[in-house]
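Engineer: Listed here are the chains, written in short residue letters.
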Amino acid sequence: MTELSHIRNFSIVAHIDHGKSTLADRLIQVTGTVAARDMKAQLLDTMDIERERGITIKANTVRLEYRAQDGELYILNLIDTPGHVDFGYEVSRSMRAVEGSLLVVDASQGVEAQTLANVYQALDAGHEIVPVLNKIDLPAAEPDRIRQQIEDVIGLDASDAVMISAKSGLGVPDVLEAIVTRLPAPSGDRNAPLKAMLVDSWYDTYLGVVVMVRVIDGVLKKGDRVRMMQTGALYGVEKLAVLKPAMVDIAELGPGEIGVLTASIKQVRDTRVGDTITHERKPCTTPLAGFKPAQQVVFCGLFPVDSAEFEPLRDAIERLALNDASFSYEMETSAALGFGFRCGFLGLLHLEVIRDRLEREYDIDLITTAPSVVYHLHMKDGEMRELHNPADMTDLTYVDHIEEPRIKATILVPDEYLGDVLKLCQDRRGVQLDLSYAGSRAMVVYDLPLNEVVFDFYDRLKSVTKGYASFDYAMIGYQEDFLVKMQILVNDEPVDALSMMVHRDRADMRGRAMCEKLKDLIPRHMFKIPIQAAIGGRVIARETIAAMRKDVTAKCYGGDVTRKKKLLEKQKAGKKKMRQFGKVEIPQQAFINALKMDN
Amino acid sequence: MTKAALPDWQNGGFGLYIHWPFCAAKCPYCDFNSHVVATIDQPAWQAAYLSEIDRIGAETQGRVLQSVFFGGGTPSLMQPDLIAAVIERIRATWPMVNDPEITLEANPTSVEAGRFRGFQQAGVTRISMGLQALNDTDLRKLGRMHSAAEGRAAFDIARATFERVSFDLIYARQDQSLKDWRAELSHALTMAVDHLSLYQLTIEDGTAFGARHAAGGLKGLPDDDLSADLYALTQDLTGAAGMPAYEISNHARAGAQSRHNLVYWRAGDYAGIGPGAHGRLTLDGQRWATETPRAPFEWLKQVSISGDGEIARQLVPQAEQAAEYLMMSLRLSEGLDLARYHALSGVALDPRACARLAEMGMVTQSAERLMATQNGRMVLNSVVRDLLPDPT
Ligand SMILES: Nc1nc2c(ncn2[C@@H]2O[C@H](COP(=O)(O)OP(=O)(O)OP(=O)(O)O)[C@@H](O)[C@H]2O)c(=O)[nH]1
Ligand SMILES: C[S@@+](CC[C@H](N)C(=O)[O-])C[C@H]1O[C@@H](n2cnc3c(N)ncnc32)[C@H](O)[C@@H]1O
Ligand code: SF4
Ligand SMILES: [Mg+2]
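Chains as they are written, first to last, in the working numbering: chain A, 101 to 699; chain B, 20 to 411.
Keep in mind that the hints were calculated from the coordinates and are not lab data. A quick note: this is a predicted structure, and the numbers were derived from the prediction, not measured. Hints should not be assumed to be uniformly reliable.
[Said to hold, decoys possible] What follows is a list of derived Cβ distance ranges for each label pair:
#	chain 1	residue 1	chain 2	residue 2	range
1	A	L667	B	H232	17 to 23 Å
2	B	A374	A	P630	30 to 36 Å
3	A	E152	B	A338	26 to 32 Å
4	B	A367	A	G674	53 to 59 Å
5	A	A435	B	R332	28 to 34 Å
6	B	A367	A	R151	54 to 60 Å
7	A	L667	B	Q29	48 to 54 Å
8	B	L240	A	R663	18 to 24 Å
Glycine included, every Cβ here is placed at the ideal spot set by N, Cα and C.
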């Protein structure tokens, strides 16, 4: 048990890639938490996908012991958070478990959209914030200018920002001192009834469900009988440990401490992050406020390429869901694609990550249908229905009006690209809310329909600004607009997996783009194939794939029989990778590419 | 005796293929098993061929041989004596039809009148000559060693020496327009005796052209539409000249088809002798695919040491025989015998697929046969894929 005055809890927050995980590495290293021979870059990013993409997806906690310059030993609990906007939920709930934040800013890039978003969240959570200017080893680093920028754009005093290179370790001791001297110690009452926050939970192959807790009041011990106040479930604490980052057993956790427990909990879904854990006997009276649940904003269908793989897919999704409560799923049937699942995600990157994991960890080839947002159908009888899937769009005669989700998007961009960004937002049916400058950078705030953002907004933004813009968004609510369902017909057969909701004014353009893309993606057949985009019965775009005219082997004699026959049979088997729509075979890759959001 | 009671191969007959794996130079488009070497010990090769004829002959005793084909490589580089000895041994081994077809592939470069006389005296009855193009620019681009005039001269000698002479052209070349090909093919048709092979240039992996093409070179090759137009033009001109296609790339006057090649397309039996030669032999009611080492000296060594030039034979199950028959027979204008296919495969050809293809104009069907139309032949790989049974 540690004195409250000797505990510091903090999150490391920053825009994507500004060096949070690398700073965490250095803190782990300098405090000797992990032996030098066991160190590797971004040590806390353990998932394959994290290591492959070089990004953090899941927040991670480590307990460090640090002998400060005042000679005292401190317990530091750090939470490394993801930078990408899709995982903002991880950041906000991590912040609720700690009292302070290290705000890392890349000294060569400066304040970006998620820097801002993180600061506002940290202030909301009542955090003390220590600004850290990272990457000062880079020739392009301009710490003085960026310091000024932090003051101008964020309004945060950056005069004593810590200057570091997380890569080389330069300045890292100063970070440790700043943590001890500038961040507040937690408060709490050791003698009060147990009140602990369920911060996170995950599935461990050996231990089952592991729950991360932050003790507010009271003392949690191994063997305690505890109740989850929201779910009402009772458990016996079987294991109590701290993360260094490997689990190290501990007898008890007192106020201000962060650790993990196991308690024979069957599924991650049985736990609610933000729940309050208390003792069965002598419970606390008022639970913690809890967290708003993470919102799935992007939906798409996932179908097995080989329809025989539906059962393995169901199995894989259920198993992954045990481990990860961030996505939702329900069964879906498609005329074109057969049985699959309609899944909800926190954003497009999240969608990609989950799909990748299903394909990779469970070895299933998937077709992903066009991402869609949740529409609100207001029926004439006054009922409101949520529409997750354009294929389920009902007869318009019963619909009074349709609402779509809108977001508040914050974009930071060097002013030379401002015009392009404004044009992009305007094209995407945006309404400007604010425009301000900080030095040579503009901050643009737009009210945008989410459906335009899930289409190809990121990629367009990246390309019109050569990668110099950063983007963050938050949902703001629903608004009525002129939305229609656009269908794609291949050889006169509607392909439901390709249908989408679009704004009427954007439909012609989207329809044309889709038809053109499909024209290149569907191989020629022995007959010509019309491809059409239609709204209701009205065709708004059309392309034709000419009939294949040449596909024959010029020479075939006695010596060629075996080889040529094998080749034909292999090609025929390859057609199993295609989906049959009427007479037309559409390769899986065509779906993937047609639905890709780039242009 | 009903047809179904005959061993299946008899529907196609029995032929012998002899492979000669050497050329004076390697052409950049060619993926045949052909090699350039400094010296060739012709007597050693002769001994090996004779020994292989003896070995296969013992297995196929009593069969009537209808054709022999010396292919390559460049068999016109073989000494006439060697050819004579081989044909003599063949005649001593198998009874032959009255008027056997004995073809030799010849390059225009390796021809002098004297050798041709020698081949003829050795028993060769038919020459297939690789002219490839009739203009010097294209011959150079194809990497050929002869000029158009040399080709023409060699062809004239062959025609003067042999009753049956065919020649090969490669078209759909770089920058070849419909107009160019119309003129060249019209000229070719005035030269043709009774048989022509007209191949569209295929870019094969593992050749010099293949590498250049993969690296983005070899510009000006026709796209699929132009290839199709070139093919259609070829059908028009040859048809009008009385030499319609009897196979995808082969044209003949009535009765002048290559009987040897018909054995392949009709899925008959054939013995393959020489490096890299393949065969199909039905023995004791089972059909075998035979194969030999591709490397010339490996084959030669194996024959001289073990007396057997083959690598392990593979059994060809009936279903695969049916698939082979399907793929080969639809190349022919005469098409496929439905009852024969049914007997081999155990199930009839998928009637729904046939009907679909007929509706698209890719095949025509009678009670007995299924034939690819001209449109169908142009996309025959797709047609065959549709007709092949579903993979299990
Ligand atoms: N030159 C230099 N590069 C650094 C420094 N710190 C981090 N980097 C590099 O910046 C990249 C991103 O670092 P990470 O630590 O993964 O960044 P992050 O903020 O954790 O990224 P997300 O978790 O994806 O938001 C990596 O290539 C690091 O090697 C630094 O001080 N100097
Ligand atoms: C085995 S080759 C040998 C003929 C002989 N050696 C010659 O070159 O004249 C038979 C014929 O196949 C054709 N051929 C070879 N490679 C080809 C290719 N890549 N594309 C089209 N035809 C080809 C040529 O017309 C050639 O004459
Ligand atoms: S085309 Fe004929 S001459 Fe040229 S390499 Fe091939 S076999 Fe030899
Ligand atoms: Mg990270």
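Engineer: Could you run down the list of hints and mark each one as holding or not?
Structural biologist: Against the structure, the hints come out as follows:
In this structure the supplied range 17 to 23 Å holds for A:L667 paired with B:H232, their Cβ-Cβ distance being about 18 Å. Roughly 22 Å separates the CB atoms of B:A374 and A:P630, a value that falls outside the hinted 30 to 36 Å. Between A:E152 and B:A338, the C-beta spacing of about 44 Å breaks the proposed range 26 to 32 Å. Take B:A367 and A:G674: their Cβ atoms lie about 25 Å apart, and the range 53 to 59 Å is violated.
At roughly 49 Å, the beta-carbon separation of A:A435 and B:R332 lies outside the given 28 to 34 Å, and the hint is violated. Checked against the hint of 54 to 60 Å, the pair B:A367 and A:R151 passes, with Cβ atoms roughly 56 Å apart. A beta carbon spacing of about 28 Å between A:L667 and B:Q29 contradicts the range 48 to 54 Å that was offered as a hint. Under the hint 18 to 24 Å, the C-beta atoms of B:L240 and A:R663, about 23 Å apart, fit the expected range.
Of the numbered hints given earlier, the model fails hints 2, 3, 4, 5, 7; all others are met.
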